[in-house]
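The residues making up each chain are set out below.
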Amino acid sequence: MSPTVLTADRRSAESPAERLAARIQRHGALTVLALLVLLASAFSPGFASTDNLGAILGNNAFVWLLALGLTFVVLTGGIDLSVGSMYALGGVLAAWAAERYGTWAALLLPLAVGAAWGCVHGLLVARARTAPFIVTLAGLLGARGLLQLVTDEGATTHLVPPGSAFRALGEGTWTPVLVSAALFGLGALLLTRTRFGATTTAIGGNEHAATLMGLPVARTKTLVYVLSATLACAAGALGAARLGSGVTTVGVGYELTAIASVVIGGTLLTGGSGSVGGTVAGVLLLSVVHNLIDRSASQYGSAVTDTVNGAFLAAVVLAQALLDRGRRDE
Amino acid sequence: MSALAPAGALRGAAPVLRVLRQYGVYAALAVLFLAAVVLDAGFLSAGNVRIQLFQVAPTLLVALGMALVIGTEGIDLSVGAVIALAAAVIPLYIGWGLPVALLVAAGLGALSGLAGGAMVAFARVQPIVATLALMIGLRGVASLLNGASAKPVTDGTLLALGADAFAGVPLTAWLAAACVALTAVLVHRTTFGRQLVAVGDNRRAARLAGLPVRRVLLTVYLLSGVLAALAGALIVGHGAEADPANQGRNIELDAITAVVVGGTPLAGGSVRVLGTVAGALFMQLTTAVLTQHDVPGSLTKIVEAAVICVAVYASQERGTR
Amino acid sequence: MAQAERPGGPAGRPAPVLVATGIDKGFAGVHALRGVGLTLRPGRVHALVGENGAGKSTLIKVLTGVHRPDAGKLELGGSEREFRTPLEAQRAGIASIHQEVNLVPMMSVARNLHLGREPRRRGLLDLRRMNREAAEVLRRYGVDADVTRPLRELGLGAQQMVALARAAGVDAEVVVMDEPTSSLEPHEVDTLFAVVRDLTARGTAVVYVSHRMDELYALCQDVTVLRDGRGVHTGPLADLPRRELVGLMLGRTLVAARERPARHTPDADAPPALRARGLTVRHRVHGVGFDVHRGEVLGLGGLLGSGRSETAKAVVGALGADAGRVEVDGRELTRRSPAAAIRAGVVLLPEDRKAEGLLPGRSVRENIVLAALPRLSRAGIVSRARQDEVVERFVARLRIKAASPEQKVADLSGGNQQKVLLARWLCLAPKVLLLDEPTRGIDVGARAEVQALIDELAADGLGVLLVSSDAEELIAGSDRVLVLKDGTPVDELTGERVHADALLAALAHETRPPAGDGTNGAQR
Numbered sequence: 001m002s003p004t005v006l007t008a009d010r011r012s013a014e015s016p017a018e019r020l021a022a023r024i025q026r027h028g029a030l031t032v033l034a035l036l037v038l039l040a041s042a043f044s045p046g047f048a049s050t051d052n053l054g055a056i057l058g059n060n061a062f063v064w065l066l067a068l069g070l071t072f073v074v075l076t077g078g079i080d081l082s083v084g085s086m087y088a089l090g091g092v093l094a095a096w097a098a099e100r101y102g103t104w105a106a107l108l109l110p111l112a113v114g115a116a117w118g119c120v121h122g123l124l125v126a127r128a129r130t131a132p133f134i135v136t137l138a139g140l141l142g143a144r145g146l147l148q149l150v151t152d153e154g155a156t157t158h159l160v161p162p163g164s165a166f167r168a169l170g171e172g173t174w175t176p177v178l179v180s181a182a183l184f185g186l187g188a189l190l191l192t193r194t195r196f197g198a199t200t201t202a203i204g205g206n207e208h209a210a211t212l213m214g215l216p217v218a219r220t221k222t223l224v225y226v227l228s229a230t231l232a233c234a235a236g237a238l239g240a241a242r243l244g245s246g247v248t249t250v251g252v253g254y255e256l257t258a259i260a261s262v263v264i265g266g267t268l269l270t271g272g273s274g275s276v277g278g279t280v281a282g283v284l285l286l287s288v289v290h291n292l293i294d295r296s297a298s299q300y301g302s303a304v305t306d307t308v309n310g311a312f313l314a315a316v317v318l319a320q321a322l323l324d325r326g327r328r329d330e
Numbered sequence: 001m002s003a004l005a006p007a008g009a010l011r012g013a014a015p016v017l018r019v020l021r022q023y024g025v026y027a028a029l030a031v032l033f034l035a036a037v038v039l040d041a042g043f044l045s046a047g048n049v050r051i052q053l054f055q056v057a058p059t060l061l062v063a064l065g066m067a068l069v070i071g072t073e074g075i076d077l078s079v080g081a082v083i084a085l086a087a088a089v090i091p092l093y094i095g096w097g098l099p100v101a102l103l104v105a106a107g108l109g110a111l112s113g114l115a116g117g118a119m120v121a122f123a124r125v126q127p128i129v130a131t132l133a134l135m136i137g138l139r140g141v142a143s144l145l146n147g148a149s150a151k152p153v154t155d156g157t158l159l160a161l162g163a164d165a166f167a168g169v170p171l172t173a174w175l176a177a178a179c180v181a182l183t184a185v186l187v188h189r190t191t192f193g194r195q196l197v198a199v200g201d202n203r204r205a206a207r208l209a210g211l212p213v214r215r216v217l218l219t220v221y222l223l224s225g226v227l228a229a230l231a232g233a234l235i236v237g238h239g240a241e242a243d244p245a246n247q248g249r250n251i252e253l254d255a256i257t258a259v260v261v262g263g264t265p266l267a268g269g270s271v272r273v274l275g276t277v278a279g280a281l282f283m284q285l286t287t288a289v290l291t292q293h294d295v296p297g298s299l300t301k302i303v304e305a306a307v308i309c310v311a312v313y314a315s316q317e318r319g320t321r
Numbered sequence: 001m002a003q004a005e006r007p008g009g010p011a012g013r014p015a016p017v018l019v020a021t022g023i024d025k026g027f028a029g030v031h032a033l034r035g036v037g038l039t040l041r042p043g044r045v046h047a048l049v050g051e052n053g054a055g056k057s058t059l060i061k062v063l064t065g066v067h068r069p070d071a072g073k074l075e076l077g078g079s080e081r082e083f084r085t086p087l088e089a090q091r092a093g094i095a096s097i098h099q100e101v102n103l104v105p106m107m108s109v110a111r112n113l114h115l116g117r118e119p120r121r122r123g124l125l126d127l128r129r130m131n132r133e134a135a136e137v138l139r140r141y142g143v144d145a146d147v148t149r150p151l152r153e154l155g156l157g158a159q160q161m162v163a164l165a166r167a168a169g170v171d172a173e174v175v176v177m178d179e180p181t182s183s184l185e186p187h188e189v190d191t192l193f194a195v196v197r198d199l200t201a202r203g204t205a206v207v208y209v210s211h212r213m214d215e216l217y218a219l220c221q222d223v224t225v226l227r228d229g230r231g232v233h234t235g236p237l238a239d240l241p242r243r244e245l246v247g248l249m250l251g252r253t254l255v256a257a258r259e260r261p262a263r264h265t266p267d268a269d270a271p272p273a274l275r276a277r278g279l280t281v282r283h284r285v286h287g288v289g290f291d292v293h294r295g296e297v298l299g300l301g302g303l304l305g306s307g308r309s310e311t312a313k314a315v316v317g318a319l320g321a322d323a324g325r326v327e328v329d330g331r332e333l334t335r336r337s338p339a340a341a342i343r344a345g346v347v348l349l350p351e352d353r354k355a356e357g358l359l360p361g362r363s364v365r366e367n368i369v370l371a372a373l374p375r376l377s378r379a380g381i382v383s384r385a386r387q388d389e390v391v392e393r394f395v396a397r398l399r400i401k402a403a404s405p406e407q408k409v410a411d412l413s414g415g416n417q418q419k420v421l422l423a424r425w426l427c428l429a430p431k432v433l434l435l436d437e438p439t440r441g442i443d444v445g446a447r448a449e450v451q452a453l454i455d456e457l458a459a460d461g462l463g464v465l466l467v468s469s470d471a472e473e474l475i476a477g478s479d480r481v482l483v484l485k486d487g488t489p490v491d492e493l494t495g496e497r498v499h500a501d502a503l504l505a506a507l508a509h510e511t512r513p514p515a516g517d518g519t520n521g522a523q524r
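Which chain is which? The protein sequence lines are H, G and B, in order. Take 1 as the starting number for the first sequence in UniProt numbering and just add one per residue. Take 1 as the starting number for the second sequence in UniProt numbering and just add one per residue. Take 1 as the starting number for the third sequence in UniProt numbering and just add one per residue.
To be clear, the hints were calculated from the coordinates, so they are not data collected in a lab. Just so you know, these numbers come straight off a predicted model, no measurement behind them. Glycine included, each C-beta is placed from N, C-alpha and C at the ideal position. One thing to keep in mind: the hints can contain errors.
Taking CB as the label site, the calculated pair distances span [said to hold, decoys possible]:
#1 B:228 x H:208: 51 to 59 Å
#2 G:31 x H:181: 53 to 61 Å
#3 G:165 x H:46: 53 to 61 Å
#4 H:157 x G:96: 57 to 65 Å
#5 H:208 x G:240: 50 to 58 Å
#6 B:79 x H:208: 24 to 32 Å
#7 G:39 x H:319: 52 to 60 Å
#8 B:238 x G:214: 24 to 32 Å
#9 H:157 x G:48: 45 to 53 Å
#10 H:208 x B:73: 22 to 30 Å
#11 B:374 x H:322: 29 to 37 Å
#12 B:374 x H:295: 40 to 48 Å
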């Protein structure tokens with residue numbers, strides 16, 4: 001047989017403008033990041049100093065991991081609002097365990113609790129078909145409760161013993177950065193080079209089709225929540241290693257920054273499209289923006305940060321919605 | 001009008017569940033109330049009842065707005081941030097008198113609602129995403145407007161609104177009751193209310209029936225914003241301080257829970273105003289009973305989280321897909 | 001009732017690969033399939049035809065493991081099988097592709113082709129091999145594209161090929177194709193046909209669902225006709241003349257002459273109640289125009305996919321028209337939205353009652369007054385008394401059977417649901433009524449009542465556009481019938497030609513050069 005070649009016709013194909021728009025969506029954060037870093041280096045004295053760059057990287061590296069886990073959840077079309085609480089919980093559990101049982105416990109306990117907590121989220125979403133936002137909002141509340149339970153209603157602050165090897169994980173600039181970079185690298189591998197990653201993306205792209213193709217939809221959906229909560233707890237544990245104690249009040253609103261980073265990095269909140277690399281660009285971009293704000297308008301504290309996060313999120317989401325509508329109306 | 005349609009018999013496979021979903025909250029509320037009284041007769045004291053009413057009023061106002069939004073198959077996560085916004089502007093404008101401060105707060109709430117509603121109605125952004133962006137951004141704006149630290153509020157009229165009582169019942173409770181009545185009328189008696197549930201039940205059918213779908217959506221989010229701003233004023237008045245960084249945190253969760261526990265399905269198409277009141281009271285009583293019996297705050301939170309999950313799970317229509 | 005042939009068959013024909021017998025399937029008490037049988041033989045293409053609601057999709061879903069039958073059995077390769085999930089059916093060798101491409105548009109072509117069974121090397125996906133194999137496989141299906149690009153960048157035809165390649169790739173013994181050509185261009189259809197012939201040459205059995213006569217006759221050897229959930233005919237397609245096939249699909253016993261009494265001819269001077277000119281909706285409707293006069297029922301006929309529903313939707317602005325104008329009583333409708341059309345007095349009873357008409361969670365009363373709410377209100381407050389008055393009047397007039405007006409509409413029977421929707425429109429006192437399949441899925445008694453009501457309404461001076469796939473209903477109920485094919489008017493039946501024979505001839509008529517080897521179809 002000699003079938004006609006089918007590529008000449010592109011009825012549903014994208015126009016050049018749409019392709020440009022898609023490219024902006026994918027690489028926009030990186031471009032803006034590069035421009036911003038250049039401009040800031042040129043015009044903001046001290047921005048490019050080792051101290052400042054070290055501060056940007058070292059102080060934030062662990063928090064970025066929240067965005068890594070969230071990337072997977074968002075890719076399936078879900079959301080995890082509990083990561084900020086899980087971060088705080090991880091820190092407190094790690095400090096508590098380090099105080100009593102040493103380094104290994106400080107690492108393993110948060111991982112185990114995070115995995116179990118995420119499993120509950122995942123089962124409620126995937127099996128009981130409850131809305132992800134409400135499950136994870138309840139999870140946020142419950143994790144705060146657990147955290148207070150461990151700290152005698154916040155009265156006790158657990159300290160990581162000064163001599164503990166656990167502390168070494170969080171010290172300096174480069175250890176956190178390397179640890180985070182390694183985890184992001186593994187995350188990218190997981191997303192692009194495994195069946196789990198492929199299924200994650202497929203679910204967000206077309207859950208119905210994923211089911212028809214026989215992909216393990218429910219299992220994968222459960223696992224992304226496990227991944228997200230575990231990573232958030234691990235990040236919190238590492239954060240505690242850096243700070244030397246489990247701080248109960250951290251993490252409030254971190255989930256919002258993480259969501260903003262993921263979305264700015266080009267991952268669609270409706271799921272199905274996105275990358276770990278984009279999320280890296282997103283977290284770096286937001287961190288640089290926040291750093292610049294802190295340096296020029298420090299009197300406002302986190303207020304500007306939140307405003308910027310919200311504005312970025314609204315702008316990106318609106319752009320995506322309009323882009324998507326243009327595509328659908330075709 | 002004579003015979004029941006034959007399909008009716010087949011459909012009624014789970015009438016018990018349906019009844020439970022709709023009226024279970026009243027039974028649960030009664031049981032909880034009895035338990036509270038049996039455990040501690042002091043629960044019925046005028047002082048305690050007043051405290052409960054003070055505390056439940058803001059949540060109830062927010063829940064009313066939330067019920068309207070959920071009725072259209074939406075969700076409004078921005079209510080907590082709107083409360084923060086109200087807390088930020090009230091100290092700024094209270095010098096002009098309470099009405100001005102309230103108007104400014106309500107105006108900002110309306111603006112926020114319009115922004116969310118426009119994203120939902122015109123740009124067709126998912127409600128959760130649109131209001132999430134507002135939730136993140138507006139709290140920051142609130143802190144920018146009047147600083148992140150708590151400010152004492154000394155205006156007599158506002159404090160009176162938050163603390164005084166009329167006929168033994170707190171003013172806030174009267175206000176909440178008035179809002180409940182208005183919402184009930186709005187939902188059950190007005191064109192708008194009927195169109196609202198129609199949009200939530202079947203948006204395509206509503207559009208084909210010529211309903212102003214976009215206007216309904218816009219209005220619903222606007223109302224939710226205004227009610228949240230009003231709740232913010234009550235919180236500020238009751239606490240005698242304005243704390244944009246913390247006030248209203250997690251109230252969206254309380255409100256959504258009250259609505260869902262009250263029998264309004266998250267899938268839209270129905271608004272149960274009285275159920276929402278019962279739901280808000282139920283959540284308030286749960287917290288109060290646990291707290292008054294010295295259950296630590298940590299466990300209270302865990303219990304609340306569990307109640308929410310169970311309530312939402314139980315309220316879902318199942319078996320369709 | 002079952003029309004299944006016995007396994008084994010006449011000499012010379014290969015043993016069947018799949019035999020379904022006595023398949024029953026119901027949803028919420030409504031029978032979608034009743035004792036249907038199907039026998040598939042290797043190397044043959046079996047056409048499955050029927051109008052909407054005939055049970056085609058349900059049968060396909062039973063074959064592919066989406067639904068489990070209430071009764072009946074499936075035999076694959078001689079042994080009885082039961083599929084609980086689509087995956088089980090796929091693993092057993094039954095693949096399927098659908099009208100809508102069930103792939104993930106944002107993922108790459110290669111990934112779509114391999115999802116769930118990607119080749120791996122050292123535990124990780126072997127992307128290079130995936131891409132190489134994908135390109136190779138797709139070339140055989142006539143697709144020459146960059147397999148690393150997202151699927152949605154391909155044309156629909158190529159996407160359909162990817163779906164087919166994915167489906168047939170798992171050594172499928174049976175490939176089920178559900179209207180695969182409905183969104184394809186003619187040359188894409190040619191490619192698809194070449195691929196199908198290639199499949200059958202390799203011994204695959206193919207189930208081919210389509211409403212395009214030309215394609216069926218060009219491609220298929222056997223045919224099974226479904227109507228109202230029953231198999232009404234099975235046999236070689238070549239023995240079945242085209243017109244008879246259409247008759248089997250559409251009619252119960254087709255009436256020979258019109259039953260509708262001739263009424264006064266419309267006043268030629270007065271502007272028509274509804275005039276449409278040059279209505280165009282991309283890919284769906286191409287320049288459809290018609291007049292509906294007061295007191296007249298204009299039938300709009302055509303096979304599935306002919307654009308009949310889309311035309312009605314475009315008139316009221318429920319579907320964005322790319323071109324065309326609509327006049328009501330000689331005045332042009334400038335704003336095109338359902339709300340504007342309703343204000344002008346044009347209302348549409350939509351085809352899909354559940355998705356586009358009913359508020360399933362609300363009561364009979366609320367469903368009836370929905371569109372009339374503003375008229376029943378003063379200062380935004382709805383008058384309960386006026387609601388009750390309207391509801392009472394129309395419940396009585398349409399003889400709606402409900403326990404009370406407060407009963408949930410979802411609990412009514414289909415016929416009563418349809419009457420509720422009719423009441424919603426009639427209480428607005430419209431000028432023009434567009435009825436899209438007003439009697440679909442309702443029982444015989446209610447059907448007769450609705451049809452009588454339509455006559456009555458027209459007699460009262462309403463203009464009615466009646467869209468129907470039921471030939472008998474169209475002939476008996478219309479003064480004139482406009483016949484559409486592929487979104488274009490091909491015939492208008494008036495006077496003595498409002499007759500079943502003329503309608504079937506018009507429906508079977510070819511306007512479009514058949515895809516594939518057209519000579520085959522033209523000779524019949």
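Each hint, compared with the structure:
no.	hint	verdict
1	B:228 x H:208: 51 to 59 Å	28 Å, violated
2	G:31 x H:181: 53 to 61 Å	55 Å, holds
3	G:165 x H:46: 53 to 61 Å	58 Å, holds
4	H:157 x G:96: 57 to 65 Å	44 Å, violated
5	H:208 x G:240: 50 to 58 Å	54 Å, holds
6	B:79 x H:208: 24 to 32 Å	30 Å, holds
7	G:39 x H:319: 52 to 60 Å	55 Å, holds
8	B:238 x G:214: 24 to 32 Å	55 Å, violated
9	H:157 x G:48: 45 to 53 Å	34 Å, violated
10	H:208 x B:73: 22 to 30 Å	28 Å, holds
11	B:374 x H:322: 29 to 37 Å	32 Å, holds
12	B:374 x H:295: 40 to 48 Å	57 Å, violated
Hint check: violations occur at hints 1, 4, 8, 9 and 12; the rest are consistent with the structure.
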